[in-house]
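Engineer: Sequence:
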Amino acid sequence: MSIDKKPVTFMLLAVLAIMVGTLLTTFIPLFVGTVVPDTDKVIPYKPLEVEGRDIYIREGCNNCHSQIVRPLPFETARYGPPSTLAESAIDRPHLWGSKRTGPDLARVGRKYPAAWHYQHMKNPQSIYPQSNMPAYAWLADAKLDRRYAEKKMKVLGYPYTTDDIKVLEGKTEMDALVAYLMRLGRELKP
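Numbering (this note's numbering), first residue to last: 4 to 193.
For the record, the hints were derived by calculation from the structure and aren't laboratory data. Where is the CB? At the ideal position from N, CA and C, for every residue including glycine. Don't take each hint at face value.
[To be verified] Estimated spans, in silico, between C-beta atoms of each pair:
| id | residue 1 | residue 2 | range |
| --- | --- | --- | --- |
| 1 | 115 | 80 | 14 to 20 Å |
| 2 | 63 | 131 | 16 to 22 Å |
| 3 | 154 | 18 | 50 to 56 Å |
| 4 | 128 | 93 | 33 to 39 Å |
| 5 | 35 | 135 | 38 to 44 Å |
| 6 | 191 | 148 | 26 to 32 Å |
| 7 | 26 | 158 | 37 to 43 Å |
| 8 | 103 | 167 | 31 to 37 Å |
| 9 | 158 | 16 | 50 to 56 Å |
| 10 | 128 | 19 | 55 to 61 Å |
| 11 | 13 | 193 | 19 to 25 Å |
Based on the provided sequences and hints, a complete structural model is requested.
Structural biologist: Listed below in structure tokens is the structure:
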């Protein structure tokens with residue numbers, strides 16, 4: 004007997020399968036519990052790093068770079084141990100990414116010094132001639148607006164004081180982006 008020859012039976016079985024799948028995916032998580040990362044070990048962002056993260060998002064860096072090392076042999080061989088939940092516990096939104104046109108940046112802050120990042124942002128092809136990353140040299144001329152940062156951090160509920168935000172004075176968007184990149188891989192207290 005072929006099930007596709009009986010449309011009513013086929014439809015009922017399909018509806019039953021969808022209902023079972025829906026019930027399982029809806030109710031199993033209620034009994035399993037949730038995974039909550041330990042944020043006690045996470046080092047909070049500094050104001051300059053927050054600004055750099057916002058620039059990273061604004062410039063679409065996460066469209067080409069992921070920030071999560073998956074537990075696959077070819078990834079761990081290149082990028083190190085798999086990422087942990089705690090490494091991105093305080094990130095909103097998470098910047099794990101799903102596509103890698105460029106390399107993974109989960110721990111790039113431990114890999115290169117700040118001078119390397121400045122050079123790479125100004126002219127990626129000077130470091131990797133085959134790179135298709137655009138240059139971001141203009142970020143070195145774009146000054147951070149401390150007043151906007153203070154307002155933004157107050158609205159978002161960041162625990163920074165006006166004195167904390169004074170470190171942004173005289174800094175450029177390039178400084179902020181490099182500070183954020185230098186933080187990647189250094190999120191957790193030893």
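Engineer: For each hint, tell me whether it holds in the structure or not.
Structural biologist: To see whether the hints hold, each was checked on the structure:
no., hint, verdict
1, 115 / 80: 14 to 20 Å, "19 Å, holds"
2, 63 / 131: 16 to 22 Å, "19 Å, holds"
3, 154 / 18: 50 to 56 Å, "52 Å, holds"
4, 128 / 93: 33 to 39 Å, "34 Å, holds"
5, 35 / 135: 38 to 44 Å, "43 Å, holds"
6, 191 / 148: 26 to 32 Å, "31 Å, holds"
7, 26 / 158: 37 to 43 Å, "41 Å, holds"
8, 103 / 167: 31 to 37 Å, "34 Å, holds"
9, 158 / 16: 50 to 56 Å, "52 Å, holds"
10, 128 / 19: 55 to 61 Å, "58 Å, holds"
11, 13 / 193: 19 to 25 Å, "60 Å, violated"
Going through the hint list in order, the structure does not satisfy hint 11, though it satisfies all others.
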